[in-house]
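Colleague: One-letter residues, chain by chain:
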Amino acid sequence: MRHTFAYLLRPLALAARNRIARREHGDSLRALAFSGVGLVVALAIFAIVFWLTWQLLEYEDLGEYLVRLGLSWLFLTFLSFLAFSSLVVSLSTFFLSEDLWFLLAAPLPVRQVFHARFARALGQASWMVVAFVLPVLLAVGLARCAGATYYLAILAALLPFVVIPVALGTAVTLLIVKTFPARRARDILVLAGLFFAAALVVFVRYLRPERLVAVESLPDVTAFFSSLDNPVTPLLPSFWAGETLFAALKGHVDWLHMGALWTSACAAVVLLRIAFERHYFSAWSKAQEARKARFSRLSLLARLLRLTPLGLLPRNLLIKDVKLFLRDAAQWSQLLLLMALAFVYLYSFRVLDPGRIPLAGDMVRSAYAFLNLALAAFVLAAVAVRFVFPAVSAEGNAFWLVRTAPVRLSSFLWSKFWTGLVPILLLAETLTIISNNFLHADPFLKIVACLAIAAMSFALVGLAAGMGAIYPRFRAENVAQIAGSYGGLAFMVVAVLFILCEIGLLAWPTSMYLWHQYRGLAMAPAQRLTSTIAFGLALLLCAAVFWVPMQRGVRALEALDG
Amino acid sequence: MILVENVVKLFGRFKAVDNVSLSVAPGEIHGFLGPNGAGKTTMIRMIAGLLKPTSGRIMINDQDLARDPIAAKRSLGVIPDRPFLYEKLTAGEFLTFCGGLFGVDEENGLEPRIAELLDLFDLTAWRDELIESFSHGMRQRLTMCSAFLHRPRAVVVDEPMVGLDPRGAQLVKQVFRNMGRKGVALLMSTHTLEVAQEVCDRVSIIHEGRIIACGTVPELRALAHSSEQLLTPIFLKLTGGTGLREIEDVV
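Chains A and B are the protein sequences, given in the same order.
The first sequence begins at 5 in the working numbering and counts up one residue at a time.
The second sequence begins at -16 in the working numbering and counts up one residue at a time.
Don't read these hints as lab results, they were simulated from the structure.
No incorrect hints appear here.
FRET-style restraints, in silico, Cβ to Cβ: (1) D184(B) x S101(A): 33 to 41 Å; (2) A49(B) x R556(A): 55 to 63 Å; (3) T312(A) x S209(B): 51 to 59 Å; (4) L328(A) x D1(B): 31 to 39 Å; (5) R150(B) x L405(A): 28 to 36 Å; (6) D1(B) x V134(A): 49 to 57 Å; (7) R556(A) x R160(B): 52 to 60 Å.
Coverage of chain A stretches by chain B, computed from C-beta distances (three or more under 8 Å per stretch; other residues unrestricted): (8) 107 to 117; (9) 280 to 289.
Remember, predicted model here, so these are calculated numbers, not experimental data.
Glycine included, each C-beta is placed from N, C-alpha and C at the ideal position.
Given the sequences, and given the hints that come with them, work out the whole structure.
Modeller: Here you go:
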C-alpha cells in the first residue's frame, strides 16, 4: 500500500495532465484569455505597489511606518479571507466530495486521508491569495532594493501564514458538521462567507479612501491611519508575517515572529489531525445522513407566482427555477453580495461631489452620467453572466425532462429570458435612476439613460440566455463553472463590445443636444437627422443583440444530440 | 466472511436499520432483497465502512470494522449502485490508482491483473480512454474491475445489474458464481429477483429496516406458505402486498 498522502493526490495530477493533453474546443483560448487577464492584473498590482513604495521612500520615518502598516494590513485582509474561504473549501473537500466514498471504502488510515485532503484544501483556499500577494511583495522588495533575505523570507513566511487560517477554518467546519447536518452546514458556511464578503466591501467603502486625495482633508489623514492601526494586533499571524517581512526588507531575520508562524502552523496541523482522527468518520457519516435536508416548501411564494399572467409552461418553469434558486444557499446568497455592491455603487455616487472639481459644471455631470450608464451596463453584464447565462445549463441532467416533454424549446428559452429579465431590469433602472438623481444630471439625460438601460437590459439578457443555450454545460458541477466556461467568456467579450458601441452611439447625439441646449442654440435639421439616426442605430443594435442570440439559442437547443 | 450483529442505524429519529443480524459464509452468495427504502443501501454502506452504525457490530473476515477498519477493508471489495469514478482519468490510470490504495503494485503483478480484469469485463479496448466517455454499463464493469483488483475475500454489491446489457449481466453472474466457488463471501443487494433466485445460495429480505425472512428460496417459499416457484410472488407476499389492486383504477 502506498503510505504517502501524496499518492492520494495522484488523480488530481493525472486529471490535470489528461485535461491538457485532451483539450476541448475553446479550452486553449479560455486558458490564454484567463492567464492574459491574470497577468495584466498582476502587472497592474505590481506597478501600483512599486510606485507607491517608491514614493514612500521620500518620507523616511513616515514611509517606513506606512510600509510596515501596509504589510500588516495586507496580511490581515488575507488572513480573514483565507479563514472564510477555507470554511467553504474544507466542507466540500472533507465532507461533500464525491470521491470520498471511494477513498473511505479503501483501507487507508484517516491520517493519510486527512493529509491529502488538507493539502488539497490548502491549495484551493489559498492559490488566489498567493497569486495576489506575490506581485505586491515582489514590488515592495524591488522598490526597496531588498536583498535575498527578503525573498527567502517571503517563501518561509507565506506557507505557515496560509496554513494557520486554513487549519482553523477546517477545524470550525469539522465542529459545524458534527453539530449540524452537512447540507445545513454548507448553507451556514456559504451565508457566513457571503456576509463577510459583503461586510468587507461595505467596510472598505466606508473608509472613504478618496479623502486621501482631497487636499482640504489633509488633517483627516492622521485620523485615517490611526483608524487603520487598531485591528493590527500582535497576536495574529498577519502581524507576525508582516513583521517578518518588514525585518527582512531591512536585511534582518526576525526569528521571533518567524518562529511564531511556524510553531503555530505546525501545532495547528497536528491538533487538527488529532481532531480528525477522533471525529472525522462520525462527522462524515453524519454528513451522509443529511442528504435529505428539510427545507421550506415555499408554498406561499408558489401561490403568488401562480397568479402571474403567464402560460402554464413558463409559469411552472418560473416556479421551479425560483424554488431551486431560493433553496440553494450558494445561489441566493449571491444576492447579498450583489446588494452590497449595489449599495457601494450608489453610495459612491452619493458622496461624489462634482461641484468640488475645478471647472466642473454641467458637462462634467453629463460625462459622469454617461460613465454611470456604462458602469451600470457592465454591472448588468456581470450579473447576467452569473445568473442568466447558466439558466439553460443549470437544468443539468434533468434537461431530458424538457426535451422529452411536448414543449417547444423556444418556449423554454423564452421563459428563461423573461425570468432573467424582470429582476435585471429592476436592478438596472434602480441603479441608473437613483445614481443620476444623486448626480443631479440633466433631465434629458435622465430620460435617455432610463430608456437606454432598459433597451440594454433586453439586449444583455437576450444575449446571455441565447449564448447560454448555444454553449451549454449540462455536466458542470456548479453555476460558477458554467459562468467561467468558454461560452461565458465569449458572452463577456461580446457584451463589453456591445456596451462600448452602444455608449458611443448614444453619447454623440446626446452630447450634441446638450451642447446646443447649454448655449441656447437650436440644432440644425441635418444634426437632428443624424442624431435620430444614431439613436435609431443604438436601438437597432439592442434589438439585434437581443434577437439574434435568442433565435440561434433556440436552434442550438433543437439541434442538441445525446 | 461477512458477519452483521444486531446493527441499528438511526437517521435522527428515523430507524433505517433495526437490529439486523446476518452472516455470509465464505463461498456463499447471499441475496439482500427488500422494497425501496427498506434499508438495503444503508446496510450495504455500513458494511462498506461508509456509514457508522448507531449500534451493533460488523465483522469482515474476522476483523471488526469499527475497531480495525483498515484490516477489515483490506479484504473487502465494494461495488456501489452509483459509483464515483474519476472522470478525467483513463480506465488504466484509474485501476492503477486503485491498486495503490489496496497495496497491489507492479511487484505484486498489478499490470497482468489489470489486463486480466479488463479483458474479463470486455474493456481492454477502452483502457486508454477517459472514463467520462464511458456508458453506464461500462462504468459498472470498470467499478467491478476495481473491486476485484485486490482479490477480496468478501464483496458487497449494491444493484449489480443496473445498466448492464444481457451479455454483461450474464458475465457478472458467472463471475459471482466463480468467486463463490473460490471461497469469496458475496453479499448482493438487488431488486432483480430473477437474478437473486438464479445466483444466490441464500436470500435475506429486509422490510422497514428489519430482516423479515432469511433462507434458501424453498425455505422462503415455506415461510410464505406459497406454492409459487418464482421468487417474485413470494417476495411480494412477505413484504405485505403490492398495491396492485389499485393499478386498474389509476391506469
